[in-house]
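Quick mapping for you: the protein sequence lines, in order, are chains L and G.
Read in order, the letters of the first sequence correspond to residues 1 to 237 in this note's numbering.
Read in order, the letters of the second sequence correspond to residues 1 to 410 in this note's numbering.
If you are wondering where the hints come from, they were derived from the structure by calculation, not from laboratory data.
Be careful, since some hints might not be right.
Claimed, not checked - Straight-line distance between alpha carbons at most 20 Å, and here's what the computed SDA-like set of lysine to any residue pairs gives:
{"#": "1", "chain 1": "L", "residue 1": "Lys27", "chain 2": "G", "residue 2": "Glu365"}
{"#": "2", "chain 1": "G", "residue 1": "Lys240", "chain 2": "G", "residue 2": "Leu341"}
{"#": "3", "chain 1": "G", "residue 1": "Lys386", "chain 2": "G", "residue 2": "Met285"}
{"#": "4", "chain 1": "L", "residue 1": "Lys11", "chain 2": "G", "residue 2": "Asn337"}
{"#": "5", "chain 1": "L", "residue 1": "Lys231", "chain 2": "G", "residue 2": "Met285"}
{"#": "6", "chain 1": "G", "residue 1": "Lys402", "chain 2": "G", "residue 2": "Lys222"}
{"#": "7", "chain 1": "L", "residue 1": "Lys231", "chain 2": "G", "residue 2": "Ala323"}
{"#": "8", "chain 1": "L", "residue 1": "Lys27", "chain 2": "G", "residue 2": "Leu341"}
As the list claims (entries may be wrong) - So the derived label-pair ranges between C-beta atoms look like this:
{"#": "9", "chain 1": "L", "residue 1": "Lys231", "chain 2": "G", "residue 2": "Gly229", "range": "55 to 61 Å"}
{"#": "10", "chain 1": "L", "residue 1": "Pro215", "chain 2": "G", "residue 2": "Lys120", "range": "58 to 64 Å"}
{"#": "11", "chain 1": "G", "residue 1": "Glu223", "chain 2": "L", "residue 2": "Arg126", "range": "45 to 51 Å"}
{"#": "12", "chain 1": "L", "residue 1": "Asp223", "chain 2": "G", "residue 2": "Gly229", "range": "57 to 63 Å"}
{"#": "13", "chain 1": "G", "residue 1": "Lys120", "chain 2": "L", "residue 2": "Tyr101", "range": "48 to 54 Å"}
{"#": "14", "chain 1": "G", "residue 1": "Arg40", "chain 2": "L", "residue 2": "Lys77", "range": "57 to 63 Å"}
{"#": "15", "chain 1": "L", "residue 1": "Asp106", "chain 2": "G", "residue 2": "Ala368", "range": "50 to 56 Å"}
{"#": "16", "chain 1": "G", "residue 1": "Gly229", "chain 2": "L", "residue 2": "Asn65", "range": "38 to 44 Å"}
{"#": "17", "chain 1": "L", "residue 1": "Gly44", "chain 2": "G", "residue 2": "Glu193", "range": "26 to 32 Å"}
Unchecked claim - Listing some non-contacts, in silico: residues in chain L with all C-beta distances to chain G over 12 Å:
{"#": "18", "residue": "Asp18"}
{"#": "19", "residue": "Glu100"}
{"#": "20", "residue": "Arg228"}
All residues carry an ideal CB built from backbone N, CA and C; glycine is no exception.
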Amino acid sequence: MKLRILHLYPKEMNLYGDHGNILSIVKRCEWRGIKAEVVVHEPGDPIPDDIDIIFGGGGQDSNQNTIEDDLRAIGPKLKELVESDVPTLVVCGLYQLFGEYFQTGDGNKIEGIGILDLHTVAGKNRLIGNVVVDESEFGEIVGYENHSGLTRLGKNVRPLGTVSKGNGNNGDDELEGARYHNCIGTYLHGPILPKNPRITDFLISKAIERQTGQPAKLARLNDTAETRAHKVASTRP
Amino acid sequence: MKKTSIILGKTVQKLTRLRGNGGSALPGLVVERRDPHFVRDILGKLPYGVVVVSGTNGKTTTTKMVAELFEAQGLKVFTNNTGSNFVRGVISAILKNIKISGKFDYDIAVLELDEAHAVKYSEVAPIDYALLLNVQRDQLDRFGEIDHTADCLKKVAKATKKAVILNREDPRIGKIEAKSTVYFGLSDELIGEFPSDDDLLTKHREKASRKPALATLEKLGKEATFTIGKEEYTASLNVKGIYNAYNAAGALALVKTVLPDSDNARLIESLAKIKSAFGRGETFMINGAEVELLLVKNPSAFQLSLASFVDDEHEYMIAINDAIADGRDVSWLWNVNFKGLKHVKVVSGVRATDMALRLKYDEIETGAVVEDLKAAIERFTKNGEKPKRIFATYTAMLEIRKIISGKSIL
Chain L
1 MKLRILHLYP
11 KEMNLYGDHG
21 NILSIVKRCE
31 WRGIKAEVVV
41 HEPGDPIPDD
51 IDIIFGGGGQ
61 DSNQNTIEDD
71 LRAIGPKLKE
81 LVESDVPTLV
91 VCGLYQLFGE
101 YFQTGDGNKI
111 EGIGILDLHT
121 VAGKNRLIGN
131 VVVDESEFGE
141 IVGYENHSGL
151 TRLGKNVRPL
161 GTVSKGNGNN
171 GDDELEGARY
181 HNCIGTYLHG
191 PILPKNPRIT
201 DFLISKAIER
211 QTGQPAKLAR
221 LNDTAETRAH
231 KVASTRP
Chain G
1 MKKTSIILGK
11 TVQKLTRLRG
21 NGGSALPGLV
31 VERRDPHFVR
41 DILGKLPYGV
51 VVVSGTNGKT
61 TTTKMVAELF
71 EAQGLKVFTN
81 NTGSNFVRGV
91 ISAILKNIKI
101 SGKFDYDIAV
111 LELDEAHAVK
121 YSEVAPIDYA
131 LLLNVQRDQL
141 DRFGEIDHTA
151 DCLKKVAKAT
161 KKAVILNRED
171 PRIGKIEAKS
181 TVYFGLSDEL
191 IGEFPSDDDL
201 LTKHREKASR
211 KPALATLEKL
221 GKEATFTIGK
231 EEYTASLNVK
241 GIYNAYNAAG
251 ALALVKTVLP
261 DSDNARLIES
271 LAKIKSAFGR
281 GETFMINGAE
291 VELLLVKNPS
301 AFQLSLASFV
311 DDEHEYMIAI
321 NDAIADGRDV
331 SWLWNVNFKG
341 LKHVKVVSGV
351 RATDMALRLK
361 YDEIETGAVV
371 EDLKAAIERF
381 TKNGEKPKRI
391 FATYTAMLEI
401 RKIISGKSIL
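Same shape as in the complex, but just chain G (with noise of 0.2 Å):
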C-alpha cells in the first residue's frame, strides 16, 4: 500500500520534471489525496521525531541553522527546504529522499512551516517539538489579522508532543502555554534593540515576562555571546543581522531540549560555520562591486533589517512587489521609519512609485525610480566600487536573484 504510494508519487515527480515543470505541489497533490496518512506513517517513525519551525519572521534562515546544527551533531537530518512550506511541499520532499523499497533513512525532520501550514500539518501528522519565532504584521491580506495567527501557533502548540520553545521577548508567543515550555531570550541591554510588533507603534513597553531561558543572546557586536544554561559563549557569526543572531539562540535552545548531552561549545562552533540561506543576506559580486541581497517581508523585519544594515559605506536599492506572496496590500511599507537611511540610489519593482513616495515622506533622497527590476539592477551597479546593498519583497528577491545568477556568489 506504502510501496503503491511511493512509486505513484515518485512517477508524478518523474513526469512532472520532465514536462520541465519544477512545481513541487504536484506529486505531494496526489498522494496526499490516494494516502491521508502518508506523512504520519514515514515521519512519524524517525527516531527523533518531527521538529517544526514556525512564526512570521526567520522561519528559513532559523530551519537552516537548525538542520545544519543536527547535522554537525551527527544526526541524518531530513528538511524540506524546497521552499514549498505547505504539507504538500513536505510530502514531496520525503517522495524525493525515499527509496522505492520505502526506506527512508534519517533520524529527525525539520520542517520550515508557515503558521496556518503548521495547524493543517498538524492534523496530519504529529510534532515532537515546535521552534515558534514570532509573530508580526506579515500579508495581512492573507492571514486577516495577526491575532488570528497568534491563535493558529497555539494551536501548534497544543499538539505539539514534547516540548515547545517559545521566544520570551515576543508578546504573543512568550504567553503561549503547552505541555512543555523551553524559553529563549534576549538579555535586557537588548531587549530595546529589538521591537516587537507593538512596539512600533507605541511610547510604552509593556513588559515581557522573564521566565528563564535555557538560552539568551546575550551581547551582539563584530561577535555574538551567548548564555546556555549558565555559560556564556562567544562566536562570531556567519550570517549577519540582529534578527539572525537571535533566532540562532532559538535553534540553540531547540538543539539542547532534543539533544540535552550535546557539547555547547561543539554548538557554538558549528553555528559560527552557518551561512544565511537562499535571497537572505546572499553576497554577489557584479562589476566588481559586493552586492548583497536581503529579503524584507514586513515591516518588522524591515525596521530590523535597516537597523542592522545601514551605513555611510555602502549604496542602497529597495525592489517592492506587490504578488500575493509579497503581500498585495503595501500599506504596511508606511509602519517602517526609513530615517536611517540617506539616500537610496534606485527603487525599483512593481510597487517602485510607492516606495519612492514613502522615502519622500521621510524625506530622503531617492536617485532614480526604475520599475523595471533588469534596468533597475544595472543602473544600481553601473559603476562604482562602493559595496551595495539591495533590500527586497520576496517575488523582487527571486527575480534579482534570476538576474543577477550566473554572477558569482561569495
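If we strip away everything but chain L, and leave its shape as in the complex, we get (with noise of 0.2 Å):
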C-alpha cells in the first residue's frame, strides 16, 4: 500500500509550521507500514490523477499573490478530486481561496476557486490565539489561530466543529471550518494534524478507502505524546 500526497505550494503557503502537518501523515502511515510519497506541487506544474490526500497550508499576503494565478489554473482540477472524495485539508489562506470568494479591506473581490460553499470579508482586527473546538467528529481539535478574514459558511458545507475557546470562523457564530465530501477547511494552525491524530488517521482512513474499496483498518499507534501535547496546549491562553 502506498499513499500519495500532493503539497501545495510548499515554499509560498507555509507560515505557520504547517510542514508538520505533512509530517504527521507521513509518519503515521510509515510507522503503520504504509509507504507515503509526497509530492510537492510548485506553480506551472501539472496535477497528477493518482493522489491519493491534498494539503495546503497559509501564507502571507504577498505570497498569497503569487500563487493565485497557478491556483485559479488548477481549481476545476482540484475541485474534480475533492468531489471525487479524495481526502483534503486546507489551512488559512488556502482554506480562504478554495471558497467562492474574498473581499479585501478596499471592498475588491478576489475569486475563490470554489470548492466550499463559503466566502471571507477581510476585518479589522487580527484573531490571533489557542484555540479550543468541540462538537466535532474528531473531539476535542487544539490549533492556533491568526488571520483577519472573516469566513461566513453557506448552505453546501458544514463546520467542523464549535468553538469553546478562541474565534474560530469569524468570531460571532462560534463555527469553525468547513467540511465538504473528504475535505476540511480550517483556520487552525498549531500546526493542526500532530496535536490531533484523529485528523490525521481520518484522512489516511478515507484515502485507503478510496483505493481499496473497503473500510480501513488502522492499527493502533501510541498516541501519549500527541495526547499529552493536546492537554497542554487545551489550557493555554
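Join the two chains, each given in its own frame, into one complex according to the hints.
Here you go:
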C-alpha cells in the first residue's frame, strides 16, 4: 500500500509550521507500514491523477498573490478530486481561497476556486490565539489561529466544529472550519494534525478506502506524546 | 526645561528602584510624556551620531560587538544594554547615564531596537547609521506577518541620514533602498550553509544580488576569515556560531563606514576578544560539567544553532516556553529540522510536551519530559561529566539563568 500526498505550494504557503501536517501524515503512514510519498506542487506544475491526499497551508499576503493564478488554473482539477472524495486538508490562506471569494478591505473581490461553499471578508482586527474546538466528529481539537479574514459558511458545507475558546471562522457564530465530502478547511494551525492525530488518521483511512473500496482498519499507535501535547495546548491562554 | 526632565526622570528612577521594581520602563514613560524631544535633544548632539542595530536575529550580540569595536577605537559609547529595546528603554538608559547638569559625555550611541520600535524611534529622533541584519519569522503572533517586519525596516532605512548597512544575502534586506547603502556579505562557499527564511521551505534558492560588500565572511572553521575592502584577515573569535561570525562582518562594515580610517588589523584583533552577550552562548559550570546556554527564538536561528552546536560530545536539553516574549504560537518548532540531533536528554518548559512531540516526528529519542525548569536542570546535570548544551526560548533562558546563577560563569 502506498499513498501519494499532494502538498500545494510548500514554499509560498507555509507560514505556520504546516510542514508538521505533512510529517504527521507521512509518519503515521510509515509507522503502520504504509508507504507515503509527498508530491510537491509548485506554480506551473501539472496535477497528477493518482493523488490520495491533498494538503495546502497558509502564507503571507505577498506570497498568496504569487500563487493565485496557478491556483485558478488547477482549481477545476482540485474540485474534481475533492468531489471524488479525495481526503483534503486546507489551512488558513488556502482554506479561504478554496471558498467562493475573499473581499479585501477596500471592497475588491478576489475570486476563490469555489470548492467550498463559503466566503471571506477582511476584518479590521487580527484574530490571534489558542483555539479549542469541541463538538466535532474528531472530539476536541486544539490549534492556534492568526487571521484577519472573517469566513461565513454557505448551505453546502458543514462546520468542522464549534469553538469553546478563541474565535474560529469569524468570531461571532462560534463555528470553526468547514467540511465538504472528505475535505476539511480550517483556520487552525499549531500545526493542526500532530496534536489532533484523529484528523490525520481520518485522512489516511479515507485515502485507503478510496484505493481499496473497503473500510480501512488502521493499526493503533501509541499516542501518549500527542495526547499530552494536546492537553497542555488546550489550557494555554 | 531639559534639566527638570532629567531631575524628574532620575527621581522616578530612584523611587522605582527603592520599591524594588527593576522595570526600566516607568522613568522613560514619565519623561517621554513630559518632554517628547528628550531623546532627540540629547542623542542628536553626539559628535558621531546614533547607530541603530535592528533585524530579527542577532541584535543583542551584534550591538555588543559594534559598541565594543567603537570602544576599542577610543570612542565613548552609549548603549541601551538594559534589555528594554523600546524608545522608553533608551530614555531610561539615558537617565541613568546623564549628569544632573545635563552633561552627557559620549561620542556615539549604539542602540539595539526591534523592527517596530526602530520605526517609532525614527519618528522621534534622527538615526545616522542603521545596521539591518535579517528578516526572519519571529513571533508572528505579535507582528502579524513577515512582510510587515520587512516594511518596518524599509521605513527605518528611509529615515536614516548617513548610511544604511545591509545584509546582502538576505532576500528582503538586500533589496532595501536608501540614500547611501553599504553591504556585508558571505563568500559563495558559505552562502549555502546560511539558509534564508525562504530557503528553509523550498528546493530552490533565489540568487541574491551580488553587490560589492565592504566586509565579507569568507571562511569559518576553527578560525574566521574576513575580507575588509580587498584585504583578508583571520581571527579566532570568542563568540561561537556561524551567524555570530556573519553578524561580525556586519559590525565591521558598520564601524568602517563610521570610522573609515580605523585600522583593519586592530579591528579584527578587538573583534576576536568580544564575548557572547547575556544568554547567547554563555557557559556555566554545574556539577563539574560545562553547560552552555543557547537562545533560540525562531526557526532560522534554531536551525543555524543546531548546525553550529550539535555534535557527539555534548548532551542536549531543549526548553520551550510560550510567553509573549517567546511567541505564544509554538507552530514554528515544526519549521525546524531536528534530524542532526541523535538524543535529547531532557525537554522542558511550559511547552515541553510540544517539543517532545516535535522530536517524536523526527524520530529523535527523548530521555525525559520535565516541564518544571528547575527540576529539568537538576535532572539534566545530575551525573555525567559530559559537556552539555541547552537550547532555550527567551523566557526559558532568563529562568534558567536565574536557576543556575550563583554557579560560576566561564
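Results of checking the hints against the structure:
no.: 1; hint: L:Lys27 - G:Glu365; in the structure: 15 Å, holds
no.: 2; hint: G:Lys240 - G:Leu341; in the structure: 19 Å, holds
no.: 3; hint: G:Lys386 - G:Met285; in the structure: 11 Å, holds
no.: 4; hint: L:Lys11 - G:Asn337; in the structure: 15 Å, holds
no.: 5; hint: L:Lys231 - G:Met285; in the structure: 35 Å, violated
no.: 6; hint: G:Lys402 - G:Lys222; in the structure: 31 Å, violated
no.: 7; hint: L:Lys231 - G:Ala323; in the structure: 17 Å, holds
no.: 8; hint: L:Lys27 - G:Leu341; in the structure: 18 Å, holds
no.: 9; hint: L:Lys231 - G:Gly229: 55 to 61 Å; in the structure: 58 Å, holds
no.: 10; hint: L:Pro215 - G:Lys120: 58 to 64 Å; in the structure: 60 Å, holds
no.: 11; hint: G:Glu223 - L:Arg126: 45 to 51 Å; in the structure: 46 Å, holds
no.: 12; hint: L:Asp223 - G:Gly229: 57 to 63 Å; in the structure: 59 Å, holds
no.: 13; hint: G:Lys120 - L:Tyr101: 48 to 54 Å; in the structure: 37 Å, violated
no.: 14; hint: G:Arg40 - L:Lys77: 57 to 63 Å; in the structure: 59 Å, holds
no.: 15; hint: L:Asp106 - G:Ala368: 50 to 56 Å; in the structure: 53 Å, holds
no.: 16; hint: G:Gly229 - L:Asn65: 38 to 44 Å; in the structure: 40 Å, holds
no.: 17; hint: L:Gly44 - G:Glu193: 26 to 32 Å; in the structure: 29 Å, holds
no.: 18; hint: Asp18; in the structure: 8 Å, violated
no.: 19; hint: Glu100; in the structure: 24 Å, holds
no.: 20; hint: Arg228; in the structure: 4 Å, violated
Of the numbered hints stated above, those contradicted by the structure are hints 5, 6, 13, 18, 20, listed in ascending order.
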